[in-house]
Amino acid sequence: MKLLLPIALLLAAPALAAPKAEAPPPRMSTLVVFGDDPCPRSSDEEIIVCARQPESERYRIPKALRKKPKADEVTQSWVERTRTFDMVSKQGLPNSCSPNGSNGQTGCMRQFLEAARAEREAMKRGE
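When you line the sequence shown up against mature numbering (1 follows the signal peptide of the UniProt record, and there is no 0), it's residues -17 to -1, 1 to 110, in that order.
Among the hints, erroneous ones may be present.
Each pair of labels, with its calculated beta carbon distance range [stated by the list, open to error]:
no. : residue 1 : residue 2 : range
1   : GLU28     : ARG64     : 51 to 61 angstroms
2   : ASP69     : THR13     : 45 to 55 angstroms
3   : SER12     : ARG43     : 21 to 31 angstroms
Derived by calculation from the structure, the hints in this document are not laboratory data.
Beta carbons: idealized from backbone N, C-alpha and C, even for Gly.
Model the full assembly from the supplied sequences, consistent with the hints where possible.
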C-alpha cells in the first residue's frame, strides 16, 4: 500500500502540472491595408492580421494576378479577329458567292454587278 501511493502520485503528476491549452479564437481574418489606413483591432472572438501596401497599389490588380504576356503569344487586335470571324462565317450566307450553303448564289450576281459598275466608272473617268 505504501508503494502504490507514490506510484499513483508519480503517474498523476504530469496531468496535474500540465497547463491547460487555450482554444484558438473561432475566426481569423487577414486584411491588406494601404497607405496610412488603420488596421482594425483584434478582439477576443477574432484575430486580425494586417499586411501594409503602399498607397500606389490601392486600385491595381494584385501582382499575383497580373498576367504577363508570353513571348510566343500572338497579339492581334479585336478588329482583326472580328474581320477574320466575319470572313470565315460569311461562306454560305446570303450574298457570299459561295458554293457552300443554299444562299451563296446571290452574292455572285452582286459581285458581278459591283465589278461592272467599277469598270464603267473607271471608263468614265478615263474619257
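Status of the hints after comparison with the structure:
| no. | hint | verdict |
| --- | --- | --- |
| 1 | GLU28 / ARG64: 51 to 61 angstroms | holds, 53 angstroms |
| 2 | ASP69 / THR13: 45 to 55 angstroms | holds, 48 angstroms |
| 3 | SER12 / ARG43: 21 to 31 angstroms | holds, 22 angstroms |
In this structure, none of the earlier numbered hints is contradicted; all agree with it.
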